[in-house]
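Heads up: the protein sequence lines correspond to chains A and B, in order. Everything in the first sequence is counted per the numbering used here, starting at 1 for the first residue and increasing by one. Everything in the second sequence is counted per the numbering used here, starting at 1001 for the first residue and increasing by one.
Hints are not guaranteed to be accurate.
Straight line, CA to CA, 16 Å or less: simulated EDC-like cross-link-like pairs of lysine to aspartate or glutamate [unchecked claim]:
#, chain 1, residue 1, chain 2, residue 2
1, B, 1201, B, 1180
2, A, 201, A, 21
3, B, 1054, A, 19
4, A, 54, B, 1063
5, A, 54, A, 65
6, A, 145, A, 65
7, B, 1054, A, 21
8, A, 192, A, 170
9, B, 1150, B, 1140
10, B, 1145, B, 1021
11, A, 54, B, 1019
12, A, 120, A, 50
Far from chain B by the CB rule (all over 12 Å, computed), these chain A residues [as the list claims (entries may be wrong)]:
#, residue
13, 23
14, 161
15, 170
By construction, these hints were calculated from the structure, which means they are not laboratory data. Ideal placement from N, C-alpha and C gives every residue a C-beta, glycine not left out.
Protein chains: 2
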Amino acid sequence: MKIKNTNIIWHHANVSRADREALHAHKSVILWFTGLSGSGKSTLAHAVEDYLHKMGVSTYVLDGDNVRQGLCSDLGFTDSDRTENIRRIGELAKLMTEAGIITLTAFISPFISDRDIARKLVPSGDFLEIYCSCPIETCEQRDVKGLYKKARAGQIPLFTGIGSPYQVPENPELIVNTHEQTLSESVEHVIKLLVQRGLIKIVD
Amino acid sequence: MKIKNTNIIWHHANVSRADREALHAHKSVILWFTGLSGSGKSTLAHAVEDYLHKMGVSTYVLDGDNVRQGLCSDLGFTDSDRTENIRRIGELAKLMTEAGIITLTAFISPFISDRDIARKLVPSGDFLEIYCSCPIETCEQRDVKGLYKKARAGQIPLFTGIGSPYQVPENPELIVNTHEQTLSESVEHVIKLLVQRGLIKIVD
């Protein structure tokens, strides 16, 4: 028997998100990096975090590896498990944003509908989708984790780009061509986006 | 088909928890408040958060209401759903602690085994269990949310303390007798615990 969830009263926190943002001296936001395996999402997210941290910004990177081992360790890689994975990450990122943190997520997140679920969890402007664009040939050539090789050998049936589709973002807040520019150029583009949106301020 | 989760490599963040703690100028920790419905967990957690925030500490309160509406909205109140609920909250609190935040959780969390699962997710000393001790008669008299009334009327079959047991912590880091002291006395006890553990410093 599943008992329905009808006895819930929202508890208003005394300390608000705005209070936490004021303490941290910057706004919070979700930077949602998406792209193929090997497109540089995690590398870019961690490099942006490093840059922001050195500016005094409170940050955290959620990626497929650390979340998959914990919060989502019960989930596999079927379509429905991937959807639930992204939903939980969206909820997690939402709470971290409430906590006043710039939260960077680095997940393939291949389906438009799943990314839209995450986007719609938070107020407009709180979700910035950053598409790490890179041809699959380049990703496969890099093959840092050896996953493309395994996928080609049929050992990972639902691997994105081979056994399962990647749906390119239709209207992302930023496209980063990770194969055409250096890592620091890519970082610069993300930082510029944050400044343009008034989320952080560059102080001389 | 559920595909097993064997293709995961842990991604080491460039920015570490210690870096984030240094930025925030305090250590991070989980304060796990447990007790009956109406025992004052949420009130105390929010009051402690308010106190810490005014000290310049980065904080966040997870409670049954905000988590139940989001991350755990797919879960009900059966034993197995409660266990999964607490597991996810533990994982969430762990990530927030990694992010350098003092994370306060305010959940009935009635089962010793579930609280132990959450405790074991993090290094020793990162999980401080705070038992909000209050006789069920007092909780029922308060009945802020009208839940005891509903439970007595048989409308909430697995309500903790009536249709489902509450297992008192055997060895919590702190016991707060919420019915015998004022809210500010209770807050003071929690703050004292944090200072004793070297997690925060009181600066004159």
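Which hint numbers does the structure go against, in order from smallest to largest?
1, 4, 5, 8, 10, 12, 13
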